[in-house]
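Peer 1: Sequence:
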Amino acid sequence: MEPQADCTVLYLSGEIDTFVAPRIRECIADVWARSSTPLVIIDLSGVTFCDAAGIRALLFALKIMRMSGRRLVLSGVSERMAMLLRVSGVQDEFEVHDSVEQVLFADADLGD
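Quick note on full-length UniProt numbering: the sequence shown kicks off at 1 and runs consecutively.
It is worth saying that the hints were derived from the structure and are not from the lab.
Possibly wrong hints are sitting among the right ones.
Said to hold, decoys possible - Computed list of lysine to any residue pairs in SDA-like fashion (alpha-carbon distance at most 20 Å, straight line): (1) LYS63 / SER88; (2) LYS63 / TYR11; (3) LYS63 / GLU101; (4) LYS63 / GLY14; (5) LYS63 / SER36; (6) LYS63 / ASP92; (7) LYS63 / ARG86; (8) LYS63 / THR48; (9) LYS63 / GLN91; (10) LYS63 / PHE94.
Based on the provided sequences and hints, a complete structural model is requested.
Peer 2: In structure tokens:
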């Protein structure tokens, strides 16, 4: 986790599967409890595998951030991950950008 001025960035890497997803949910809950930044970015550029449990963890993150009036953005989504989101029927639920920098740049433009 990397807190910045107006956002918190979570960098995920490796496999997001049934065994790892509960830890990701705990981390998301921790961010929700400890941070009040209006923007949370989950960077998936280091993720090599994701199953349905991983998608559920991302949906959990989206739900609790929305409940608290925060914005959740995914960055670094690979073609494989984009396909998984699409096949799962949740692609349109998430705001997706190519990189953390792109999210921050787009967010800065919104502030102008």
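Peer 1: Hint compliance check: list the failing hint numbers for this structure, sorted ascending.
Peer 2: 3, 4, 8
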